[in-house]
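Visitor: If you're matching them up, the sequences are chains A and B in order. Its first residue numbered 5, the first sequence is counted upward by one per residue in the numbering used here. Its first residue numbered 5, the second sequence is counted upward by one per residue in the numbering used here.
Hints may be right or wrong, so weigh each one.
Derived Cβ-Cβ restraints for the label pairs, each shown as a range [as the list claims (entries may be wrong)]:
id	chain 1	residue 1	chain 2	residue 2	range
1	A	ASP159	B	ALA322	14 to 24 Å
2	B	SER77	A	ILE247	53 to 63 Å
3	A	LYS268	B	GLY265	31 to 41 Å
Derived from the structure by calculation, the hints contain no laboratory data. A virtual CB, placed ideally from N, CA and C, is assigned to each residue, including glycine.
There are 2 protein chains.
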Amino acid sequence: MAKNAHIVFTPSGRRGDFPIGTPVLTAARSLGVDIDSVCGGRGICGRCQVEAGEGEFAKHKIVSSCSNMTGFSSVEERYASKKGMKEGRRLSCQAMIEGDLLIDVPAESQVHKQVVRKRADVREIEIDPPIRLHYIEVAEPDMHHPSGDLERLEDALEAQWGLTNLHCDLRTLQTLQPVLRKGKWQVTVAVENEKTIIAVWPGYKENAFGIAVDLGSTTVAAHLCDLQTGEVTASSGIMNPQIRFGEDLMSRVSYVMMNPGGDKEMTVAVREALDIIIGVVADEGKIERSDILSMTFVGNPVMHHLLLGIDPTELGGAPFALTLNSSIDLYASELGLNISPDGRVYVLPCIAGHVGADTAGVILSEGPHLQDEVTLICDVGTNAEIVLGSKDRLLACSSPTGPAFEGAQITSGQRAAPGAIERIRIDPETLEPKYRVIGCDLWSNEEGFAEQTKSTGVTGICGSGIIEAIGEMFLAGIIQTDGIIDGSLSEKSPRVKFNGKTYDYVISENEPLITVTQTDVRAIQLAKAALYAGVKLLMEKLGVDSIDRIQLAGAFGSHIDVKYAMVIGLIPDCDLERVKSAGNAAGTGARIALLNKAARKEIEDVVRRVEKIETAVEPKFQEHFVNAMGMPNTIDEFVNLAKVVNLPERKVGAPATEGTAEGGRRRRRRR
Amino acid sequence: MAKNAHIVFTPSGRRGDFPIGTPVLTAARSLGVDIDSVCGGRGICGRCQVEAGEGEFAKHKIVSSCSNMTGFSSVEERYASKKGMKEGRRLSCQAMIEGDLLIDVPAESQVHKQVVRKRADVREIEIDPPIRLHYIEVAEPDMHHPSGDLERLEDALEAQWGLTNLHCDLRTLQTLQPVLRKGKWQVTVAVENEKTIIAVWPGYKENAFGIAVDLGSTTVAAHLCDLQTGEVTASSGIMNPQIRFGEDLMSRVSYVMMNPGGDKEMTVAVREALDIIIGVVADEGKIERSDILSMTFVGNPVMHHLLLGIDPTELGGAPFALTLNSSIDLYASELGLNISPDGRVYVLPCIAGHVGADTAGVILSEGPHLQDEVTLICDVGTNAEIVLGSKDRLLACSSPTGPAFEGAQITSGQRAAPGAIERIRIDPETLEPKYRVIGCDLWSNEEGFAEQTKSTGVTGICGSGIIEAIGEMFLAGIIQTDGIIDGSLSEKSPRVKFNGKTYDYVISENEPLITVTQTDVRAIQLAKAALYAGVKLLMEKLGVDSIDRIQLAGAFGSHIDVKYAMVIGLIPDCDLERVKSAGNAAGTGARIALLNKAARKEIEDVVRRVEKIETAVEPKFQEHFVNAMGMPNTIDEFVNLAKVVNLPERKVGAPATEGTAEGGRRRRRRR
């Protein structure tokens, strides 16, 4: 009579009785234990490794011994000698049950592994990509039972992997005959969504890859990921070649309006850049382009449209109609991308107007829709995208902050590059500044600074530097609540200088002269007021008057000191401990969508639920904007901020009336 | 109080009560009456025309009057003046019910119209293409309710046509913005399978088209069809340019084996030919290529593979493995075909080995799977495809008949062209022949024949001519049961001539000399025996010893006199009245699949059920082959045939032993 043994799997805790001689993998599968396998139990892939417990496990009420499994088989010997195996590990497809066992499935043997992210405040990425590899043995053709190669391949996938009703893409079909014969009827098949055969390789294929792309107006960033482990095996970023058509998005849209066919030129340009970056990460990752089966994309609506070959002209003016805001699944070949011939592309959904797939990526990465707390997410660039809400409701809008935060249209402004001032402190007594530049760890008043910055010089102020400069000027009393540089201080310090019309603050008198002018302050006021007004509008719509946490996404968010962002009133008051940089959250969103199929559904659902607010048609926006011109704000209190810094008393040259604000608004429009 | 009227629709007989003022179309829809509309009740398309009955209709228990509808509206006036309307017709979307009515929906107003085929013995084609046009009015973008153009388009399709969960293909997306704006938010959308948006035109679009293609080894034939009416609006055929790589299929496969990349050359060649023929039928039909939304293809397995860009090498030798035998749905762009940017291609399924999508087309056209009777279908070419069965079971095989039936490898053989003998009669007393040639209606012994054939001459014998020649030679006693030309007759007639080794029969002594040699007879014997053996094999597998009807498909089947096909034993005995030419049944099958989506499912199901017999591995094939070498057969009786012609008694030089037959088989193999 057949004897049964009792088996417990950890960490799942699933348990059951199995006849002596049952392979451990078979037992695990029958209990629904999450355990990986590409080769289908042939001892080739080594993904199904387990460890038997030794001794008595009271918690699980079992006495286990590794001697209750068959001994190390020749198949395991072969695998271990080729690829190496940790002490105590067994291939569960080879080890057979001989008695009671506690079997541990280590994290790396689980199908739904999790990738731990560096930041503690975000959820982990569960690896469950739409594309999986399956090793199979296909029946050879037989004249007595005529059937097509595809039919026999599909039969094998059904018999060996339980996959039914599959479809095979044309370019994979075109390779099927030679691949089957080269692999001597043993092949590895990539199947998407348990539905479509998208690649076939002869013999056993270890890894498949995908690329997550953040298609920014300035930079195109790509991460090559192993679709099985989630590991990023190569990363690269290159300048977006569309810059030659215009620095910012709106100038590119203008280019299209002025040059018929300009959209096609820009589509060609960005696809060429993608082709380059695919080559770069493939080389760096030491893989073939044909090993890349999937790409995901995030990007703002203009980049999104240009990637897809859609004319972005409509995004250049009201009513800012997108062609589509849903996600889109494509063949890579439809976008002219040279990866695996039937490789896939998934573009995340856009939200509305100028809130694009990049924002969808940010939401997917930061998960405000999963939180009880009210989260504010700002992605600051030439346009700021703002998302506010919690699991109950999410709102989004975009606000035209202009290029000031990127250091453009600022007298001494420049791009973030070596030599640019990125940190600054002003002594409130002497009004003397000290600063740090990119490429040097010393403050300007420290010894060796001059020598260390000799090669780069001190060339200007970058985006984060200008925020600190204005924040410090405000804290030092140089700038009043209304943003006016207090000319009376010119008597106290030569750094406050009359320029014949208004006053400047001189940071460095060397060549080049680095100053912050009244016009610069106005530009920053207008930009930060636009952002803040958008935030206020969403707060009002959501019905909240405080925010639990703030995530600053994007490169700008990574570099600024959030304290100064709050000092100048770019972001609303909040516990400073709860204000964080989210880094390249959009790119992370693309990576999540690459590695987890449920995440695609999730972001599609969330985006559908997001309430889109168009600031241009909201009458209250203007009022919020006017109030937000003040430092940090004409009416809002900054209680949390006041605990950390000495906020000057409200001091204005003249009351911030409708008139002056309108003036500001008008000037902004003229820009 | 609202009054109701009683309405009866014919021919459906559906009836119901409706409030006064209900549009007739609305009433029809609510009863599920089959009535067409593209414009959605806007009086633009004119497809919903109906006619009211006048007087008492006892059968329907109703008294009807056209005065029980509202009068001719201005919308109808406009339509009638533009497009014309038959007396008594009304647009059912405009005419409203004012009292009891009998409403007739004429055939042309029904969605599921039927196309009457010329032959009485086949079913009609019901028009129900996968692709339908829908005229819609799309909401304009609104900043207060931001949404993408696609989203609003989909909303309109849902609200106005009940279509939900639609997907839009990329190339259509790329045109969406300009088309919506050009059409002032009124557009016509082509939707495939109520699922995918595959084209959008500004304003109202009347017609969409498809092309059914029969991809033959020699000829590529295309039929342009109106997808709404099913009408063939243009047809064209061109030579298959692959002929430059080899006359027949096997020489093309050999070309690939000898020339790496040869398959790609041939794929390019056939796709170029398709591009030409698309242009020809579009011009002839006076439409744009972008009006063509769909193409369907039939073809033998080699053509099928080459069309799809699959190397056909495996089809050149046992086990004759196809890459796929299922049907395939593609974008036309995947095959490089220049029709509507998101136009679709459907390739019918192959059956097995050398029984391809052309045979699937033949089955779909001839419908043996719908019959109680046992039908035999033969498609004769270099390979003969044979299908046998009824609604209970269908069997199929192919048999290598060689090129003899096409007039090749026959001493005086030639392609069917002016000057080729296609009909022949031999006087059994005098052994004198008379014949007719292609391009002349006179027999050779009639007055004026010489003059009328002066320009073409009498140049040879075409495939159907050689069948008749050998049939008549047999009936006249010139050829014995075993196929030997009876040399003793040379004493009786100078037309039987000794050539030093065997005897010839001289048909024409003019230049060029036209004869039938013993070798020619042998070649035809081998070819017809191959076909007949295949048929016998299938009959045996099916367990029948007689056949109810025979359909001869293809060009060869259209030209031969079926009586002679039976006399030489190419086809089995059958009531001659039940032996018919099916014409280009494969092409008709492609047209059915183009016009009726259910037919695609149907042929896929049927093909899956067809039992594929590989003659090469069937031991009985050889025996049937040997018996079939005799005229008409060494052992089978031809009872039906004997009623119509005087079949000579069995007369052989030597018994048809295993030995001689094997000899024949060997010779055949050497060819």
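Visitor: Looking at the structure, which of the earlier hints fail to hold?
Guide: none
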